[in-house]
Amino acid sequence: MITNRHQKRLILWLAFILLVTQFGESSAGGGSKTVSGSISGITYFAEKSVYTYTNTWTASVKSSTVTNISIIGYTWWTVYQICTNDVYSYYIRSENKNNRNSSYYEDSKYVYYKDYPCPGGSYIKKTASLGNHQFTLNSTHQYPYVEYVYP
Amino acid sequence: MYRKPYIVLIALLVLAAGFILLMAQKPGEAKSEAAAQTALPTAVGEVIQAAQSVTPVMAAEVEMSAAQVREALVERAKQHLFKPGWVMVRETLTNFTNREEYVVVPMNGQIIPKNWVRETWLLVNEDLKVVAGYSVVKSFKGEPLLETIVSDGSFGKMIQPENLPGWQEEHWLYLDLFERMIEYDGGKSATFSLIEQGAKRLLRVFSQDFYPSAGYTEGVEGAIVSSFSTSYYDWETGQFLLSEDWAVLTDGSHKQINRLEVEVEYSPAPPAEVVARFTGEIKQ
Numbered sequence: 250m251i252t253n254r255h256q257k258r259l260i261l262w263l264a265f266i267l268l269v270t271q272f273g274e275s276s277a278g279g280g281s282k283t284v285s286g287s288i289s290g291i292t293y294f295a296e297k298s299v300y301t302y303t304n305t306w307t308a309s310v311k312s313s314t315v316t317n318i319s320i321i322g323y324t325w326w327t328v329y330q331i332c333t334n335d336v337y338s339y340y341i342r343s344e345n346k347n348n349r350n351s352s353y354y355e356d357s358k359y360v361y362y363k364d365y366p367c368p369g370g371s372y373i374k375k376t377a378s379l380g381n382h383q384f385t386l387n388s389t390h391q392y393p394y395v396e397y398v399y400p
Numbered sequence: 003m004y005r006k007p008y009i010v011l012i013a014l015l016v017l018a019a020g021f022i023l024l025m026a027q028k029p030g031e032a033k034s035e036a037a038a039q040t041a042l043p044t045a046v047g048e049v050i051q052a053a054q055s056v057t058p059v060m061a062a063e064v065e066m067s068a069a070q071v072r073e074a075l076v077e078r079a080k081q082h083l084f085k086p087g088w089v090m091v092r093e094t095l096t097n098f099t100n101r102e103e104y105v106v107v108p109m110n111g112q113i114i115p116k117n118w119v120r121e122t123w124l125l126v127n128e129d130l131k132v133v134a135g136y137s138v139v140k141s142f143k144g145e146p147l148l149e150t151i152v153s154d155g156s157f158g159k160m161i162q163p164e165n166l167p168g169w170q171e172e173h174w175l176y177l178d179l180f181e182r183m184i185e186y187d188g189g190k191s192a193t194f195s196l197i198e199q200g201a202k203r204l205l206r207v208f209s210q211d212f213y214p215s216a217g218y219t220e221g222v223e224g225a226i227v228s229s230f231s232t233s234y235y236d237w238e239t240g241q242f243l244l245s246e247d248w249a250v251l252t253d254g255s256h257k258q259i260n261r262l263e264v265e266v267e268y269s270p271a272p273p274a275e276v277v278a279r280f281t282g283e284i285k286q
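In the order they appear, the protein sequences are chains A and B. Per my numbering, the first sequence starts with residue 250, numbered consecutively. Per my numbering, the second sequence starts with residue 3, numbered consecutively.
In case anyone wonders, no lab produced these hints; they're calculated from the structure. Don't take every hint at face value.
Claimed, not checked - Simulated pairs of lysine-lysine, BS3-like, Cα-Cα distance not exceeding 27 Å:
no., chain 1, residue 1, chain 2, residue 2
1, A, Lys375, A, Lys311
2, A, Lys375, B, Lys202
3, B, Lys143, B, Lys257
4, A, Lys374, B, Lys140
5, B, Lys85, B, Lys190
6, A, Lys374, B, Lys85
7, B, Lys143, B, Lys80
8, B, Lys202, B, Lys80
9, A, Lys311, A, Lys346
10, A, Lys375, A, Lys346
11, A, Lys375, A, Lys282
12, A, Lys282, A, Lys374
13, B, Lys190, B, Lys140
14, A, Lys346, B, Lys257
15, A, Lys375, B, Lys140
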């Protein structure tokens with residue numbers, strides 16, 4: 250018999266966690282790499298990621314700070330897929346994407362495996378997300394390079 | 003006063019129990035159509051309609067796990083797909099997005115086309131092993147963009163025989179699809195069913211990727227929240243026939259990304275220009 254409000258809340262939380270863990274059984278492969286630093290005393294985070302699914306894989310770039318800065322984004326970002334025979338089966342490069350007077354910038358690419366097969370006899374060796382982020386506060390700049398390669 | 007939390011608690015526990023039972027289903031057990039539709043709302047029916055060349059007369063759930071379906075396809079292909087002699091595999095990828103026709107890789111000038119045809123000639127010996135192969139990727143205009151070749155020396159010169167494992171029959175079954183769906187969630191979110199098309203029985207493989215946040219792909223307006231794919235195999239021979247990838251956008255609409263068709267032909271001999279490649283003039 251439930252007698253007090255704390256016990257009821259605990260049980261509700263347990264049920265919620267149970268549900269979430271059941272929903273969350275699918276798990277994408279891949280991961281991310283984050284580099285942190287500071288610009289004029291403001292902490293920044295620069296992140297690249299690659300995650301794989303059944304039909305697609307995704308790459309992302311994220312730049313964030315704790316408060317708004319003048320320019321936040323990246324100066325260049327490359328996403329590629331390379332095969333075991335060193336042929337690039339997917340390649341894209343973007344440059345100078347950013348937000349002004351903001352604390353966050355994010356971009357992503359969703360790649361469909363069947364669009365970009367490896368040549369005969371080879372298979373996917375690596376998928377990657379790499380490039381220089383941009384953090385500008387007034388006339389001070391930081392361009393940290395972050396690269397995440399999977400696997 | 004305390005009635006509402008009890009109702010919420012009971013509802014949550016019932017839901018949790020239902021999911022535990024669903025997830026604990028053993029490989030080989032049937033997933034009910036209702037359960038599959040709950041997991042994959044609306045997508046299946048629309049994909050069937052979109053695949054113009056496939057007109058299902060009857061659909062039946064396949065009571066096998068992803069790993070079991072994979073093995074069944076391999077076994078059927080071993081018995082029926084390849085025959086001794088020359089086999090030609092033609093893969094045609096049509097992309098429906100608005101992105102550029104091709105991308106040039108700046109480091110080496112390599113061209114990655116948006117739409118492509120890949121023709122591969124394979125020489126199969128009496129043990130049903132591929133002993134030589136030549137593959138060319140072409141644009142839809144017929145321009146050759148990328149060639150690869152391999153031989154153990156039993157036809158023409160010996161050319162990178164160490165690569166022959168990647169040219170064997172299983173490679174043409176697109177089994178990497180099954181490997182990824184097993185890695186993703188043990189194949190639980192995929193559904194398999196048999197449909198009839200004329201005298202043929204086709205295996206329909208449906209799988210869906212759910213993303214934690216919306217993202218973008220080139221040539222598609224709007225953010226993508228999930229992607230789904232339907233592939234069809236000849237259930238008698240194991241041959242991969244066609245597949246379509248679709249994106250689900252934030253407003254719930256669907257956008258077709260691509261369509262891949264695969265044909266297998268049994269040819270007496272490849273054209274003279276292909277045979278000439280095995281004499282060593284080809285540039286890798």
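Results of checking the hints against the structure:
no. : hint                  : result
1   : Lys375(A) / Lys311(A) : holds, 21 Å
2   : Lys375(A) / Lys202(B) : violated, 38 Å
3   : Lys143(B) / Lys257(B) : holds, 25 Å
4   : Lys374(A) / Lys140(B) : holds, 23 Å
5   : Lys85(B) / Lys190(B)  : violated, 34 Å
6   : Lys374(A) / Lys85(B)  : violated, 31 Å
7   : Lys143(B) / Lys80(B)  : violated, 34 Å
8   : Lys202(B) / Lys80(B)  : holds, 18 Å
9   : Lys311(A) / Lys346(A) : holds, 11 Å
10  : Lys375(A) / Lys346(A) : holds, 25 Å
11  : Lys375(A) / Lys282(A) : holds, 16 Å
12  : Lys282(A) / Lys374(A) : holds, 19 Å
13  : Lys190(B) / Lys140(B) : violated, 37 Å
14  : Lys346(A) / Lys257(B) : holds, 26 Å
15  : Lys375(A) / Lys140(B) : holds, 24 Å
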